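**Q** Given next are the chains, with one letter for each unit.
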Amino acid sequence: MRRVVITGLGVFAPNGKDPETFINNLIEGRSAIGRITQFDPSALSIQIAAEVPDYRATDYFLPKRLDLLDRSTEFGLLAARQAVNSSGLELQDEERPRFGVVMGSGMGGAQTYEVGYRSLYAKGATRVHPFTIPKSMHNACTSQICMEFGAQGPSLATSTACSSAGHAIGEAFHHIKFNLADVMLAGGSEAPITFGLMRFWESVRVMAGGNGNPSRACRPFSADREGLVMSEGAAVFVLEELEHARRRGARIYAELGGYGMSSDAGHITQPTVEGPARAIQMALDEAGSSPADIDYINAHGTGTRLNDVTETQVVKRVFGDQARRVPISSTKSMHGHAMGATAAIELAATVLAMQKGVIPPTANYTTPDPECDLDYVPNVARPAAIKVALSNSFAFGGLNAVLLVRRFGA
Amino acid sequence: MEVEQKVIEIIAREQHLDAGAITLDSSFEELGIDSLDGVNILFALEEEFKIDIPDAVAQNMRGVRQVVDSLTRVLEGKDISDLVAMAKAGTPVASN
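Protein chains in written order, with numbering that gives the first Met the number 0: chain A, 0 to 409; chain B, 0 to 95.
Bound-form chain A, shown alone (with noise of 0.2 Å):
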């Protein structure tokens, strides 16, 4: 059976603009949440976001380039960036249809519909412009990202909400797995702050307000959470084949050894606990691994009390009296849910906690609630040495992606 690892990694987040800063502000339990900068948001009652900080697009690309990328998509491309180099990978061209790319995004190119929509309906036009919808498309970033590094191989884009990312690197997981390629550039990207999505979102009421304190506004697990706070960013990964990353003396941060999905079919926002708990057991089933082997997991963790609860009771249906054991965090208690990025931006979390030897803490936590009654590692990072860790990601939708790394060799 062909094995996969990840020899490349890129994270372009709030918190974090390289997977170095990234894993170093987790660790210090730094919170990227805070009044929202990209447009004025005095209007609406959900101010608060985690956004990449001093972001110019300029400073990373072309003007000719810019006139066709979403912010979305720039993020996913710079992501990718730190991915390829820091993997070394130089392809030949008789290679490159054995190269493809799986992006997942949750809501596309939102900033650029908004754009043509605000001058379609508020300001009257009778034309938008011809490239909102190149720029919007939710391939779009895939396709970029095919485009730059000469990907020609299986692509696609995924699409299922919070667990966009998951699927996306689950299915380049299997592409290569199962022989349809050797090497696959997987993650995600969003760039969901606009006005209108933040309003849609509000609609919804799972937000948090922050109540003056945006920083902690996020606290996943703790009795006295407010809800999930939106976020943006990407998180890149090149997965390889073992013996194609072997030849070429490729840097290994860990072995992707199992990736698990199912569907709720139960309720378009309410999860359930069998269907995330059927997606673990097929990731640890895919891997060869049982409950007592996971050192970590990362939660899906949004600070909702739906998730909150129904999380740990998944814990507990698939890991039994291993379930107290097992450490788990939410980093989104510091980098907010970035939607259909934030798998990716999680399984970075995890292989770089793997790679330092710390377990990133669930940041904000004060207030044990007995419904979440596990071991959540609040507020401080904590020392260990993580074999094999699982990522969670349960979607609106009920869509469930679940990831299982392996640290190399372990």
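No wet-lab data here; the hints were simulated from the structure. Careful, some of the hints might be misleading.
SDA-like mimics (lysine to any residue), calculated; alpha carbons at most 25 Å apart, straight line [claimed, not checked]:
id, chain 1, residue 1, chain 2, residue 2
1, A, Lys63, B, Asp24
2, A, Lys176, A, Pro153
3, A, Lys63, B, Asp33
4, B, Lys49, A, Pro153
5, B, Lys49, A, His128
6, B, Lys77, A, Ala384
7, A, Lys63, B, Asp78
8, B, Lys5, B, Glu28
9, A, Lys63, B, Ser34
10, A, Lys63, B, Asn59
11, A, Lys63, B, Arg12
12, B, Lys49, A, Ala124
13, A, Lys63, B, Phe48
14, A, Lys122, B, Glu13
15, A, Lys63, B, Asp36
16, A, Lys16, A, Asp92
17, A, Lys315, A, Gly248
18, B, Lys77, B, Gln65
19, A, Lys315, A, Asp368
Each pair of labels, with its calculated beta carbon distance range [to be verified]:
id, chain 1, residue 1, chain 2, residue 2, range
20, B, Asp68, A, Arg247, 54 to 62 Å
21, A, Lys122, B, Ala84, 30 to 38 Å
22, B, Arg72, A, Tyr59, 36 to 44 Å
If you're wondering where the values come from, they're calculated on a predicted model, not measured in any experiment. All C-beta atoms, glycine included, are put in the ideal place defined by N, C-alpha and C.
Let chain A serve as the given structure and place chain B on it in line with the hints.
**A** Same frame as chain A, now just chain B:
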């Protein structure tokens, strides 16, 4: 003359090119203008001149002179049905 200058100015701006490098005889191909760029330039011209350029005419524009000539006629309110007919008979530049 004013139309010509304006067209060159807009092409330069949208393509991020130096206006000095663009003449009436420049073809879109020489300027590296692909089908999507062409649509973008037409959009900018329509916005600038507050006009509508029919799709059939738009699709057959392959160089600066064609743009200027068609635009001049549209602006002068002249009948452009012959241009439309010609364009429909020709091979469209843009696809999809």
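**Q** Tell me the numbers of any earlier hints that the structure contravenes, in ascending order.
**A** 4, 6, 7, 16, 17
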